[in-house]
Amino acid sequence: MNNVPTAVPLDQAHFAERWSARPDSTEKVYGLQQYPTDELHWPGLLHGRILRSAWPHAHILHIDLSQARSLPGVRAVVCAEDIPGTNSYGIIFRDQPVFCTDRVRFLGDAIAAVAADSPEIAAHALTLIKVVYEPLPSIGDSQQALASGAPLLHPDGNLLDSSQLSHGDIDAGFAQCSYIVESRYSTPRQMHVFMETEGGVAIPEQDGSLTFRVGCQSGHRDRDQLADILGLPQKKVRVIGLSTGGGFGGKDELTMQPAAGLLALKTGRPVRIHYDRKESTRAGIKRHPIQMFARTGCDAEGRLIAHQLHAVLDTGAYASLGPAVLTNFSDHAAAPLYRIPHVEVQGQLVYTNNSVAGAFRGFGGNQATFAVESQLDKLAQAAGLSSAELRRRNLRTPDDDGVEGQSQQMPCHPDTLLNSALASPLWRLNTADQERGRWLSGVGMALGAQGNGLGNGLPDAGGASLRLTEQGTIQLAFGFIEYGQGVVAAVQALACEALGCSAADLEIRLGDSNGPDSGPTSASRSTVIATEALRRLRDDWQQQLIQLGKSLLGDQRALRTGAGGLWHDEPQGERAISYQALASRSKGESLPTLKTHFDFPTGPDAQPRGRYLQLLIATVARVRVDRFTGRVKVTHLHHITAGGKVIHPPSYLGQIEGAAVMGMGMALLEDVPMHNGEYQLDNLDAYLIPTLADAPVQQVDVIETIFAGDQYPVRGIGELGIEAISPALMAAIQDATGVRPCDLPARPAVLLAAMTAAEGNLP
Amino acid sequence: MSTQNTAASMQLNFTLNGQLLNMRVGPARRLLDILRLDQGLTGPKEGCSIGRCGACTVQLDGAAVPACLLLAYQVQGKEVSTVEGLSSQPVFQRVADSLIEHGALQCGYCIPGIATSLTAALTQKPHASAAELEQAMCGNLCRCTGYSGLQQVINDLASPDQHI
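Those protein sequences? They're chains A and B, same order as listed.
Residue 3 is where the first sequence starts when you use the working numbering, and the numbers rise one by one after that.
Residue 22 is where the second sequence starts when you use the working numbering, and the numbers rise one by one after that.
The shape of chain A in the complex, shown without the other chains (with noise of 0.2 Å):
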């Protein structure tokens, strides 16, 4: 490559011409936007509540629900007798039960619901509801569950999935070494802490339909889901995904949907459901945690030769979305920026009685990446060399396959942003004054590479309709779901530009499983698919369009689509029909209406593993540590990120610096501890998350240009702020006190423990 990139700090100084304010801001600032659990306004709305396990393990020997359903202003209890359909979901395999019968594996597993006239009455009615449990002995980690003569959770055993990546021969690899490390790392179960929990409506409709008006990342899925679940044929299921608070993965899953769907069904009435903080954290999904064995090794010109990763992943009591978690980790444990010649992942995915762990941004590569990346610091420190040479040594380049032999496409060379990391203003910063006082300051880096879609051999499609309606409104409509991502603020600019319209023809429409199938909004795919659809229809409407308005109008010259309807397309040319003067004079004649629907990219090849579509960051981060508590101050962040364009700047911006500060959390805070399957904590005054004082101050740099040839220019950069954060910390701490924790969260008292130990290294 002969013209380098450069990264551009993404600010308004620089974006101007693409800066805008998000759409839905001025709704969301004034408190007029409905959010799902906002949904209070419904004509005979009864409130649900569902009973939650009392063990963590345990037969369930009797139910009995009588007392609660006489209670006063009860209007329904239901249980697993209720269920219509099949009493199971989960993404990949049915294996949770939408109201246990005989058993319950985790705290977090529902036994009945009631709907009632008030919170209060349904929250009395759980208590009512009397269920003989026989606690059975609880698997509370991995270790426990795969010992011999563990109690079995399910069918097949406590082992869910299993992962084996491997190329060239690790022994003889290892062999060749000159320089090996081997550390242990562990990473936390981090909560997504999503502002507004589970929630939402269920409504049922004269035709003995329902509508679900809730909070979730795919209408579509859980349409399929519910449908089964209830009883009824999918076109009288509909899931409307509203505008919601927080998902993050956390509601890729089914959460109240099935219990207010069939208290719906039995009362006749509207239900809402709405978690309380507590109810979200005992039921909702988690991060995995992590256990992980890594070993590496180089030549003696510090060549990467062998490296080694085992992982076991405490998957929870059911499989969610746990076994495509374990192949993302796996690709990720693999080392995917690095041409290593032996490597061998083993991954182990296992059920305990622990809260169910799933998606979570980053799904598992940012904890390998997190392992694999510091084992890099550690092996360039027994190889004498500094942490960026070692990495410029062994660099992927972009003709290289991915680590699971899939064809890849890079946004550019890795060692660009190395270099951009190298050139950081983080690392000059001076100091000096805080030196051998109560702070300690250091600087590091971490590199990391993550790949868009749910991955090759998935099913992955993606779609979308667009139509001018009747009123002259250009109607583009997505499955997709706003949750803060800001996909409605890209699908605008994306639609703008495709279309040649203005913001203000435009009525976008999201997250309906009545409208097109988009898949879900998850790994972040939306802006891919949004891009790749719009690509799609832009030539046919452009060309239904103008033919419409040339036969309307009865002139033959050119047109262009534009703002506010069709252009003369000669310079200076003016607006030759209006979009609403096109719908309302073409009476009795069909308006255009355009589908599509695709594979979300994969590459030219078929290799049924990994990911084609790559995007690469390095994070540079800048801590203080406070050497009289061993608390760790992150006070700034810089990050360079190969994404692809930038659709909508501020969007772009809040994803990677909220991606960071999440994992920032992971890094150092954030855990749920469980001791025999019961939880530890749960609610946020033991549960911390950053807050405005610890936040950082944060500059993103931006390479937009990718490799001639590559069919994708727009990226999705949801989940890329959050891959190289926690080794990035890691090393800061490093450099500030001279101890490496292996173990997130970083806790300050173990991170002291550590600093007192080494006290005789300290400047």
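If you are wondering where the hints come from, they were derived from the structure by calculation, not from laboratory data.
Glycine residues also receive a C-beta, built at the ideal position from the N, C-alpha and C atoms.
Hints are supplied without guarantee of correctness; some may be wrong.
As the list claims (entries may be wrong) - A partial selection of chain A residues facing chain B, derived with a Cβ cut-off under 8 Å:
id, residue
1, 36
2, 157
3, 161
4, 181
5, 185
6, 195
7, 198
8, 485
9, 660
Stated by the list, open to error - Some chain B residues judged to face chain A by a derived CB distance under 8 Å, without partners named:
id, residue
10, 70
11, 90
12, 94
13, 117
14, 120
15, 122
16, 136
Given the structure of chain A, go ahead and fit chain B onto it with the hints provided.
Frame of chain A; chain B shown alone:
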């Protein structure tokens, strides 16, 4: 709603968004339920129910407080303002304009509470410093943005001679 507490109900009189309200209500009914369930004001959101997240922030006699921790008897005779009532005030509009301009929100579930807290701080002290505004944000969590937009909003709203 038949959602009165089992204790004898009380006669509650308080001012909500400038209007005097009189109602029979259980003395321990949460203000947040009075606002959302009884009055249909959904600007204040429920995020944690224990006063930790700030999504339900309202103003009580001008001070920013979480509505989930206030019980009916505690607002007797007082003035309560929600985002719906504040939104016509110039101070709120200045805050709102800045939040929008700096892209300080994503999902937005936290943002009525954040706007309410900032409005309270700037109403009480129109020349508040950046440090004082940051302090006013100590009860409001945001999970989406990483707070960079909010840092800019605070620098924008703080008195010019008192930037961090």
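*Holds or violated: residue 120/B as interface residue toward chain A, Cβ cutoff 8 Å?*
holds, 5 Å
*Was the hint right that residue 36/A lines chain B, CB cutoff 8 Å?*
holds, 7 Å
*Would you settle whether the hint for residue 122/B is holds or violated, based on the nearest Cβ-Cβ distance to chain A being less than 8 Å?*
Since the shortest Cβ distance to chain A is 7 Å, the answer is holds.
*Does residue 485/A meet its interface restraint, that is, does its C-beta lie within less than 8 Å of any C-beta in chain B?*
For residue 485/A, the interface hint holds, since the closest Cβ of chain B sits about 6 Å away, which is under 8 Å.
*Given residue 117/B as an interface hint, is the shortest Cβ-Cβ distance to chain A below 8 Å?*
holds, 5 Å
*Can the hint on residue 157/A be confirmed by a CB-to-CB distance to chain B that is less than 8 Å?*
Check failed: Cβ of residue 157/A comes no nearer than 38 Å to chain B, outside 8 Å.
*Evaluation of the interface hint that places residue 195/A against chain B, nearest CB under 8 Å*: It holds, given that the least Cβ distance between residue 195/A and chain B is near 5 Å, below 8 Å.
*May I ask you to test the interface hint for residue 660/A with respect to chain B, counting a Cβ-Cβ separation under 8 Å as satisfied?*
holds, 4 Å
*Would the stated hint for residue 136/B survive a check requiring a Cβ distance to chain A of less than 8 Å?*
holds, 6 Å
*asked:* For the restraint on residue 90/B, tell me whether the closest CB of chain A is nearer than 8 Å.
replied: Constraint on residue 90/B not satisfied, violated at 12 Å.
*asked:* Given a cut of 8 Å on the nearest C-beta pair, is the interface hint for residue 185/A held or broken against chain B?
replied: violated, 29 Å
*If you take the shortest Cβ to Cβ gap from residue 181/A to chain B, is it below 8 Å?*
violated, 37 Å
Taken one by one, the earlier hints fail for this structure at numbers 2, 3, 4, 5, 11, 12, listed in ascending order.
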